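Residue numbers (the numbering used here), protein chains in the order written: chain A, 1 to 327; chain B, 1001 to 1335; chain C, 2001 to 2266.
Bear in mind the hints are in silico, worked out from the structure with no lab data behind them. Nothing here was measured: the structure is a model prediction, and the numbers come from that model. Take these hints with a grain of salt, some might be off.
[What the hints assert, rightly or not] Mimicking BS3-like on lysine-lysine, the simulated pairs with C-alpha atoms at most 27 angstroms apart in a straight line are:
hint, chain 1, residue 1, chain 2, residue 2
1, C, LYS2031, C, LYS2062
2, C, LYS2116, C, LYS2134
3, C, LYS2075, B, LYS1225
4, C, LYS2220, C, LYS2031
5, B, LYS1002, C, LYS2116
6, C, LYS2134, C, LYS2192
7, C, LYS2031, B, LYS1225
8, C, LYS2062, C, LYS2075
9, C, LYS2134, B, LYS1225
10, B, LYS1006, C, LYS2115
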Amino acid sequence: MSRTKNGMLWLILVGLLGLGIVLNVLGGPKWYSLSQLWQPSSQLIHDVIWTMRIPRMLASVFVGILLAMSGALLQTISRNPLADPSILGINAGANLALIIGGVTGIALSIANTVWLALLGAGCAFLIVIFLSMSKNGLDPLRLILGGTIFSGFVSCISFAVSMITNTTQQFKNLLVGGFSGVNYQQVLLLAIVTVIVLAGVTAFRTGFTLLAMDEKTVEGLGISVRTLWLFAAIFVILAAGASVAVGGNIGFVGLGIPQLINVLHPGSFKQNIGLTAVAGGTFMVFADLFAKTAVAGIELPLAGLSALIGGCLLFAIVAFGRQVARS
Amino acid sequence: MKRQMKLYVGLISAAVILIVASLCLLAVGDIQLSFGQVFKTLLGDRSDNIANIVVWQFRFPNLLAALITGGALAVSGLILQTLTRNPLADSSILGINAGASLGAVVLLSVASRIGLTDTSQWLPFSALIGALISGCLVMLVNRQGSPIRVLLGGVALTSALNGIILMLELQMNRFNFEKILVWLSGSFWNKDTAFLLKNGAVALVLLIVVIFFIPVLNSFTLGTKMALGIGVNVKTTQRILLLLAVGLATVAISVGGAISFVGLMAPNIAKRFMGERIQYLLPMSWLLGSCIMVLAEFVAVNGFGNAELPVGLVVAVITMPYFIYQLFTQKTQTV
Amino acid sequence: MAAIMEADNITAGYGRRVIIDHQTLTIPAGKITGLIGPNGSGKSTLFNVLNGFESPMSGDIKLFGEPISQFSHRKRAQKIACLPQQPAAAAGITVSELVSYGRYCHRRGLNRLSKKDHQIIDEAITAVHLDEFKEHIVSNLSGGQRQRAFVAMTLAQDSPIMMLDEPTTYLDLTNQLDILNLLKDLNENYHKTIIVILHDLNQAAQYCDHLICLVDGEIKATGNPTDVITSDVLADIFKVRADIIYDKCTNCPQILNCQSLAGSGG
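Chain A extracted, bound-state conformation (with noise of 0.2 angstroms):
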C-alpha cells in the first residue's frame, strides 16, 4: 500500500518537475512557443533560450534541490521539524561574508564569491551551534532562537556595512535574490555541490537516519555521532553556501519542503529524502517561473516571496499542527 504510495508520488513529481522545467524554459517576459525549443524562429531566440533561460532554469532546480536537501539534514540532525538554513543565520552569514567581501574590494567574481559564501555559512552555522550547545548536548529550542536572532543579528550587521560604506544598492541586489542573469559557470558549480551532497547524502542516508533518536541511544548503536554530525554539516554548509552565492538569501524552502514531504508521506529521513529532493527543485522551478511571469514587466523578488510562503506554513504548523518541537 505504502510503497504504491510512494511510486505514486514519485511519479507525480517528476512529472511536475519535468513540466515545471518545461514551462520554467518558455516563460519569461515572452512567453514561447514549445516548437522554438528545437526550431528557433530566429537567433535571437535561440540565443536567448540556450544562455539565459536555461541556465536559469537549471539553477533554480540545483538550488531547490540544494536547499531542501540542507533543511532535511538540518531538521534530522537537530530533531527538530522546525530547523533551515534560513532560520539559523546561514544564510545570512553568507550573505554578510559577500557584502564584506564587496565592501573590502574583493572582486565578486565566481570563484571569490563561493568562497567567501561558504566561509560566512560555515562561520555562521558554527556560531550557532556553539551558542546552542548545553552539557546534555544539542538543545533544539535554543537553536532555532540563538538562530534566529543571531540572523537577525547578521542582517542587521550587513546593513550596517553597506550604510557606512554606501553601498545600499548592492545590498538591494543581494537582498533580491533571484536566477536572473545566471550563467554556465555558475550552474557547473551548483552542478557539482549538488553531486557531491547527494552522493554523501546517499553514502551515509542510514547513519543520518539513526541521528533521528537520541543521542546516547544512537552511541549505543555504536556509531560515532561526532563523525556523521561533521558531514552532515559540511554538507549543509556546502548546499546552503553555494545557493546563497548564486540565488541570494532564499528561505524557507529548507523547511516548507521537507515539511510537505512528511505530510505527504509520513517516513524516516532514508525513506523520504530522495522525494524531498526532487520536490525541492519543483518548488523552486515553479516559484522561479512565478517570479518573473507574475506580474509583468517585474521581476518579482524570489527570496521576499519564499519567506512569504514559507513563513505561512511555518505559521500553521505552528498554529494548527500537533507536534511542534520534541524537547
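Use these hints to put chains B and C onto chain A, whose structure you have.
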C-alpha cells in the same frame, strides 16, 4: 529589610545612569557643551544662545525620542514575557514589530502612488493596525498555552511579513527604498517636537494604565492556573495586557521604526537585579530600556564620524553580547 | 451533613469532548473530601469545574447555595482557594511575598497591604511552620517546604474552602505525610473545608472524611472511606484484588497485598 534596600539601590543607580547618559547625549556632539551649560539651559536660562539652540532644537528631540521608545519597548517586552511565561519574548520576536512595519510600509508605498506627501499623521494608525493584526495572530497560537509555540509562531509571522515588506520595498524607487530601509532598521525619522510630545503623552497614559495591572502581572508570574486560583479574571486581563503591550510597541515603532532587542534585554537585565517582582521590575525595565536607547543614540550620533547610523542597528550590536551571555548562563530551559 | 458545594447534573469536558457526563455530587462542609480514581478518570476536569476555573457545559454548581457563575473571580477566590498541580514559583521572590499574592482577592487597586493583610500573611506562614524561612527565596527551598509555602499562600486567601490538586505528587514520603498532616490540622483547627485529589488510596482513606470515586467521568462510589474502600470497589474500578484491613485506632481501611486483575480480563 536588607532586600528592600538592595532593590531601592538598584533603582536609584539605574536612574542615575540614565540621567548621566541623557546629559552626555545633550552635551556631546559637533558643538561641545559643558554639563554646566546644559544644566543652565535645561533650567530655562536663555542667555547662552548657542547652548539654547543646540540643546532644545537639535539634541532634546533625540533624547525625548530615545526615552519614549526605550521605555515603551521595555515595558511592552516585560508584559509579553510575563504573559507568555517566556523570557525570550518581546514585540520584535512575536512579530508585532514586523506587523507595525508592514503597516507603515504599505502606507508609504500607497502614499507615493497617490502622491500624498505628508504621511506622518497617518503613520501611527497604519502601524497600529498592522501591530494589532499580528498581535491577534500570535495570540491565536497562544490559546494552546505553549510558550514555544508562541515564539515559533512569532518567528513564522515575522518571516512572512518581512517577505511582503521586501516585495513592497523593492517596487519603490531608490529614494524611498533607502528611507524605508533606514526606518526598518530603526531610527528616529521625525524629530518634530510636537509629534514626539504627542507620542510621549500616549506612551505615558499607557504606562499609567499598566501600573494598575501590577498585581495581576505579579499573579501571572505564578502561571495562569495559580492566577485563576487567587481570583484573577485571567481571560479578560490577558487581553487587556496584550492590547497594552501592542499599544506601547506601536508608539515606540511609530517614533523610532522597527527597533528590536530592547524589549528583550531590558526586562531580562532588570530581572537579574529585582527578581520577578513586577512592582520593581516595571520601573527598572523602563529605566534600563531608556538607558539602552539613550546610549545607543549617543553611539549612533557620535560613534561613526559624519555618518549617522540608524539607532536600531546600534541597539542590535550592543545588546547581542548580552543575549549570548544569557543563552549561555540560562540554567533551565526556556520552555 | 450540610453541603457547602453542590453540583447538580453537570457535564464538563474540553472542546467538544465530554469527560464528565451528567453527574451530581455534594461536598460536605467542614470535612476533608478526597477525589480518587484511576488516571484519566476525569478528576482534574471535575476539579477545574468545581473551583470555577471552567464552566460546565450543562448543569449547575452551587457555592453556599448560590450558582457559582454569579460569583466574580475575586468573590469566588474569597470562598475557594485553589492550589493547582505542581505550581511554579516566580524567580527570586521570598516566601512572604509569595504568600502575600494570596491577598489579591481582598485588595482593591494599588492599595498597599494593610495591617490586617500582614497579620493574615504572618499567621498563614506560621500555620505551615515556615516562620524561619519567611525571607528565604521560594525557589531555593526544598520540595516539601515549597509546597507548604504554596499552601500558606492559599491559606492567606482566608477562604472557607481549600482545593488542592495532587499536593503530594513528586514529594518523598516524609513530605507527603507532612502536607497531609498539615491539611488535617487546617481542617481541625481552622475549620477549613478541604477538597483534595489524591493518588494514594491508603493516604486517601487515612486522611479524608469523605471520598468521591470517579471512573470514566462517572461517580462510582461516594461516602465514608469505610464505605468506599471495599474489595468490590477495588476490583471493579481499580482492577486490583487486595486484602483490606482496618486500622485499630481509627478504623480506617488500609489496602494490602495488591494484585493486578487487568491482565486476567477482570
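Here's how the hints hold up against the structure:
no.	hint	in the structure
1	C:LYS2031 to C:LYS2062	17 angstroms, holds
2	C:LYS2116 to C:LYS2134	18 angstroms, holds
3	C:LYS2075 to B:LYS1225	17 angstroms, holds
4	C:LYS2220 to C:LYS2031	20 angstroms, holds
5	B:LYS1002 to C:LYS2116	23 angstroms, holds
6	C:LYS2134 to C:LYS2192	23 angstroms, holds
7	C:LYS2031 to B:LYS1225	24 angstroms, holds
8	C:LYS2062 to C:LYS2075	14 angstroms, holds
9	C:LYS2134 to B:LYS1225	24 angstroms, holds
10	B:LYS1006 to C:LYS2115	24 angstroms, holds
Against the hints set out earlier in the document, no violation occurs for any number.
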